[in-house]
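The hints should help you fit chain B onto chain A, whose structure is shown.
Listed here are the chains, written in short residue letters.
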Amino acid sequence: MIKVENLTKRYAGQTAIDNLNFEVGKGEIMGFLGPNGAGKSTTMRILSSFMPPTSGRASIAGFDIFEKSLQARSHLGYMPENVPLYNDMRVTEYLDYRAALKGVPHRRINERVGDVKELCGLKDVEKKLIGALSKGYRQRVGLADALVHEPDLLILDEPTSGLDPNQIRQVRELIKNLGRQHTILLSTHILPEVEMTCSRIIIINKGKIEACDTPENLLGQMRTATGVVLEAKTGNDNGIEELKKIAGVRDVSLTTEEDWQIFSLRAEAGADVRPEVFRLASQRHWAVRALTQRRATLEDVFVEITHADEV
Amino acid sequence: MRKFFTLLTREIRSYFYSPIAYIVLVFFLLVSGVDFYFQVSFMNGRAVPYSVQEAFFNSVFFWFAFVLIFPLITMRLFAEEFKLGTIEPLMTAPVRDWQVVLSKFFGALVFYITLWIPTLLYFVIFQLVTKQPAANSLGAYLGSYLMLLLLGMFYISIGCFASVLTKNQIVAAIVSFCAITLLFFLGLVAFVLQDISSSTRQLLGYFSAIEQMGTLSRGEIDTRPIVLYTSMTILMLVLTHQAFQSRKWRL
Numbered sequence: 005m006i007k008v009e010n011l012t013k014r015y016a017g018q019t020a021i022d023n024l025n026f027e028v029g030k031g032e033i034m035g036f037l038g039p040n041g042a043g044k045s046t047t048m049r050i051l052s053s054f055m056p057p058t059s060g061r062a063s064i065a066g067f068d069i070f071e072k073s074l075q076a077r078s079h080l081g082y083m084p085e086n087v088p089l090y091n092d093m094r095v096t097e098y099l100d101y102r103a104a105l106k107g108v109p110h111r112r113i114n115e116r117v118g119d120v121k122e123l124c125g126l127k128d129v130e131k132k133l134i135g136a137l138s139k140g141y142r143q144r145v146g147l148a149d150a151l152v153h154e155p156d157l158l159i160l161d162e163p164t165s166g167l168d169p170n171q172i173r174q175v176r177e178l179i180k181n182l183g184r185q186h187t188i189l190l191s192t193h194i195l196p197e198v199e200m201t202c203s204r205i206i207i208i209n210k211g212k213i214e215a216c217d218t219p220e221n222l223l224g225q226m227r228t229a230t231g232v233v234l235e236a237k238t239g240n241d242n243g244i245e246e247l248k249k250i251a252g253v254r255d256v257s258l259t260t261e262e263d264w265q266i267f268s269l270r271a272e273a274g275a276d277v278r279p280e281v282f283r284l285a286s287q288r289h290w291a292v293r294a295l296t297q298r299r300a301t302l303e304d305v306f307v308e309i310t311h312a313d314e315v
Numbered sequence: 553m554r555k556f557f558t559l560l561t562r563e564i565r566s567y568f569y570s571p572i573a574y575i576v577l578v579f580f581l582l583v584s585g586v587d588f589y590f591q592v593s594f595m596n597g598r599a600v601p602y603s604v605q606e607a608f609f610n611s612v613f614f615w616f617a618f619v620l621i622f623p624l625i626t627m628r629l630f631a632e633e634f635k636l637g638t639i640e641p642l643m644t645a646p647v648r649d650w651q652v653v654l655s656k657f658f659g660a661l662v663f664y665i666t667l668w669i670p671t672l673l674y675f676v677i678f679q680l681v682t683k684q685p686a687a688n689s690l691g692a693y694l695g696s697y698l699m700l701l702l703l704g705m706f707y708i709s710i711g712c713f714a715s716v717l718t719k720n721q722i723v724a725a726i727v728s729f730c731a732i733t734l735l736f737f738l739g740l741v742a743f744v745l746q747d748i749s750s751s752t753r754q755l756l757g758y759f760s761a762i763e764q765m766g767t768l769s770r771g772e773i774d775t776r777p778i779v780l781y782t783s784m785t786i787l788m789l790v791l792t793h794q795a796f797q798s799r800k801w802r803l
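As they're listed, the protein sequences go chains A and B. Take the position in the first sequence, starting the count at 1, then add 4; the result is the number in the numbering used here. Take the position in the second sequence, starting the count at 1, then add 552; the result is the number in the numbering used here.
If you are wondering where the hints come from, they were derived from the structure by calculation, not from laboratory data. Check each hint, because a few of them may be wrong.
[Said to hold, decoys possible] Chain A is faced by these chain B residues, among others (derived, beta-carbon under 7 Å):
{"#": "1", "residue": "Thr558"}
{"#": "2", "residue": "Arg562"}
{"#": "3", "residue": "Glu640"}
{"#": "4", "residue": "Pro646"}
{"#": "5", "residue": "Arg753"}
{"#": "6", "residue": "Gly766"}
[Said to hold, decoys possible] Cross-link-like lysine-lysine pairs, in silico, DSSO-like; alpha carbons within 30 Å at most:
{"#": "7", "chain 1": "A", "residue 1": "Lys72", "chain 2": "A", "residue 2": "Lys7"}
{"#": "8", "chain 1": "A", "residue 1": "Lys7", "chain 2": "A", "residue 2": "Lys30"}
{"#": "9", "chain 1": "B", "residue 1": "Lys719", "chain 2": "A", "residue 2": "Lys72"}
{"#": "10", "chain 1": "B", "residue 1": "Lys635", "chain 2": "B", "residue 2": "Lys555"}
{"#": "11", "chain 1": "B", "residue 1": "Lys635", "chain 2": "A", "residue 2": "Lys72"}
{"#": "12", "chain 1": "B", "residue 1": "Lys635", "chain 2": "B", "residue 2": "Lys719"}
{"#": "13", "chain 1": "A", "residue 1": "Lys131", "chain 2": "B", "residue 2": "Lys555"}
{"#": "14", "chain 1": "B", "residue 1": "Lys800", "chain 2": "A", "residue 2": "Lys72"}
Where a beta carbon is used, it is the ideal one built from N, C-alpha and C, also for glycine.
Just chain A, same shape as in the assembly (with noise of 0.2 Å):
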């Protein structure tokens, strides 16, 4: 559904994105992540050809953004950051317009105004100006004038900033809901947002792709994939040296909570030495209060990858 080749952009001086290369397959749900002024909203312009790129293509179902630039604009549905909208209209009269600029035949337009509406939980506002709107709700006009046309794709630029939770729960079901029928690329910071929507995931760092997997691989190459945490009463051992005997533990370091000691094991990735914890715990009659596996979450590997060279 995209293809993106050598794609770069230089602004005076600087290289915002420097050769990125990937595709979206028709279908997926594709998130976008990086630290802020990594490039995802100059990759994201570029493919609604809102800029011109410096150098390289990318195309949307096919049609090359630069030379069929109407035809992949047509097959597109952009929601733009912060979701500029026009004040002075009314959340309707807004949408009959958008529809009627991107081409939805005239005795279609009500019905598809009509849905989106629906579908975005515009019903309550829909005779309200824009300007009187809450950002909830503007983004919401802003997701459904993405959706007007039916696209084959959405791109959505930081669909759920400045919402609060309950709003950001509403869009991210609409987007999973949406995962169905369209192919989405959508950009965000908040990480869990990423792993319970998109099937995969684009990981980018001062304008180059660092990495480009599902979550669940992403998370498997991780360093600290694993670990294990066990808190307990060893008495005289000296539970660092026992624990580190079992295999696949590679690390084990010690904190102390009143008097119990909490010790956090760093296993090999794949490995779960829990069994042998336990095992080693009731041989040795360790009181044991808690053990639990931490799981590596998204933000690990997204500070891993993106801070990796200043920490």
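The following block gives chain B in isolation, referenced to the frame of chain A:
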């Protein structure tokens, strides 16, 4: 074409959503109403070699109001879209640059024409009240309104160009005001500088909106201003289109 009309409709509507439109309308009607009143009361009981309609379109009042309205109606055209960021959803929809430029130009032109419609009433009322013709011929009406249309097209296209250069509406207004006023006063140079050669004076006369209005409002349809202003409008719109496209490369 459908997209052009969709854009045009929004442009026209957006005029009537903004308070500026009503302020301009009221201001304009006030000034032109006062103009008409003074012309009529000056001519009352006096023998003058011109008609009410000619006097109305050639007075100082009229020109004063005239040059002021263009910056006001054109400053927001592009600058507002740049400022609000709405240019992004607009240009990522499948529309062509020229469709946007032309829709903004014609949107402003339609608003400009609506400004003038009430002035027709002045002449109707005059004729009803005084039972005398306000103009010497139908051609005189045609000529003066044609001149208004031509000059309006040109000055609006200048305003479009000024607005596409900046995201600040005030800057756009000042640039277009300066450009329009300078062009307008070019025609007055001949009056100010007495000792310039007659060929220079003649050349400047070709550009003098006041002289052209004098001719056309008498009902003499001169083709020179038609060609001049139509071609200048096209030139300015081409420049606007170029400047609008250049935003992509300046980013």
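Going down the list of hints, with the structure as the test:
The beta carbon of Thr558 (chain B) is positioned within 7 Å of a beta carbon in chain A (closest approach about 4 Å), and the interface hint is therefore held. With its C-beta approaching chain A no nearer than about 6 Å, Arg562 (chain B) sits inside the 7 Å limit, and its interface hint holds. Annotation: interface hint on Glu640 (chain B) holds; nearest CB of chain A at approximately 4 Å, less than 7 Å. Here the hint on Pro646 (chain B) is kept, as its CB sits about 4 Å from the closest CB of chain A, short of 7 Å.
A hinted interface residue such as Arg753 (chain B) counts as satisfied when its beta carbon comes closer than 7 Å to some beta carbon of chain A; here the least separation is about 48 Å, so the hint is violated. Given hint, Gly766 (chain B) at the interface with chain A, is violated; its Cβ is 41 Å from that chain's nearest Cβ, farther than 7 Å. For the hint pairing Lys72 (chain A) with Lys7 (chain A), the CA-to-CA distance comes to about 14 Å; that is within 30 Å, so the pair holds. For the suggested pair Lys7 (chain A) and Lys30 (chain A), the alpha carbons sit about 11 Å apart, so the restraint of at most 30 Å is met.
For the suggested pair Lys719 (chain B) and Lys72 (chain A), the alpha carbons sit about 29 Å apart, so the restraint of at most 30 Å is met. Straight-line distance between C-alpha atoms of Lys635 (chain B) and Lys555 (chain B) comes to about 23 Å, which keeps the hinted pair within the 30 Å bound. The straight-line distance between the Cα atoms of Lys635 (chain B) and Lys72 (chain A) is roughly 28 Å, inside the 30 Å bound, and the hint therefore holds. For the hint linking Lys635 (chain B) to Lys719 (chain B), the alpha-carbon distance of about 5 Å falls within 30 Å, and the restraint holds.
Taken as a hint, the Lys131 (chain A) and Lys555 (chain B) pair is honoured in the structure, with Cα atoms around 24 Å apart against an allowance of 30 Å. The hinted pair formed by Lys800 (chain B) and Lys72 (chain A) meets the criterion: a straight-line CA distance of about 16 Å does not exceed 30 Å.
Of the numbered hints stated above, those contradicted by the structure are hints 5, 6, listed in ascending order.
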